[in-house]
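So you can see what is in the structure, the chains are spelled out below.
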Amino acid sequence: MAALWQSIWQAVWQAFLSGSFWYPLAFFLFAAGVLIPALLVVFSKNIVHSALWLLPCLASVAGLFLLLGAELVAAIQILIYCGGIVVLILFAIMLTHGVGDPDVRVHNQQLWWALLPAAGLGFVILYLLHSESWPVAPPAISADVTARLADALLTSYVLAFEVASVILLVAMIGAIVIARGEPKQ
Amino acid sequence: MSGQLPIPVQAYLVVSAALFAIGLLGVLTRRNAVAVLLGVELMLNAANINFVAFWRYAGGGRMEGQVFAVIVMTIAAAEAAIALAIILNVYRRFKTMNVDQIALMKG
Chain E
92 MAALWQSIWQ AVWQAFLSGS FWYPLAFFLF AAGVLIPALL VVFSKNIVHS
142 ALWLLPCLAS VAGLFLLLGA ELVAAIQILI YCGGIVVLIL FAIMLTHGVG
192 DPDVRVHNQQ LWWALLPAAG LGFVILYLLH SESWPVAPPA ISADVTARLA
242 DALLTSYVLA FEVASVILLV AMIGAIVIAR GEPKQ
Chain Y
22 MSGQLPIPVQ AYLVVSAALF AIGLLGVLTR RNAVAVLLGV ELMLNAANIN
72 FVAFWRYAGG GRMEGQVFAV IVMTIAAAEA AIALAIILNV YRRFKTMNVD
122 QIALMKG
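For the protein sequence lines, the chains are E and Y, in the order given. Throughout the first sequence, residue numbering follows this note's numbering, covering 92 to 276 in sequence. Throughout the second sequence, residue numbering follows this note's numbering, covering 22 to 128 in sequence.
FYI, nobody ran anything at the bench for these hints, they're computed from the structure. One should not assume that every hint holds.
Said to hold, decoys possible - Capping the alpha-carbon separation at 30 Å, the derived lysine-lysine pairs in DSS-like fashion look like this:
1) E:136 / Y:127
2) Y:127 / Y:116
3) Y:116 / E:136
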């Protein structure tokens, strides 16, 4: 009996030390950190709260990227989404809205109808997930992922890279021109 | 760790599908134009989770998944800037942010 308990304890301890304990725990924490704030983004009454709940959601998506071994994409996610887009959205809210009027309806009349396509899409994807066999990943990937990403961006995908830079320039100038409005006569 | 990651790829796909459905719900139901944009951002993030997950699980050493994720983020940044500029202009003209009241072209 003592030997049995000792073997169980050793198995638990081994799992604790290896990735097969921490990795699923971290995954479930990050998954909850994505989905619960996402629901609050969609359903909170105050638009400023909605925008702020986007922060933990996007940061947890960066955590999922880290778990998948894509460090550079996780860093870009934090920089662009949490640092750039959320701040931009907050600026737009401050510039336009009478902030947080609790009497205004935040959802339109089609909430229950909209549940139909959203839940239907979710169920179709879950059914496909259930009915298909999926690949399993090797435990380790090479350490030079970021270097190889840079190589791919500047060799095979250099056209997409350059076009993206042109799009950013066009979007910047376009945003300035559109947001400035009509010039006063 | 016996030869594979301790989480199957379906776990990431389930999170991504749920995030996409939540974002779709936000796009379809919110009245405020900025909130609709927030739903679009959630859906783009769901797509990015799929890209990176399949890069890790089925990439076979190629980098397309991460390249696509980075390009999608770039386009998302450009899209957010343009959309917010348009929303500012619409607010100046109609004095409202609710997309169901901006129905000038409704027959």
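Checklist entry - Which hint numbers doesn't this structure obey? => result none
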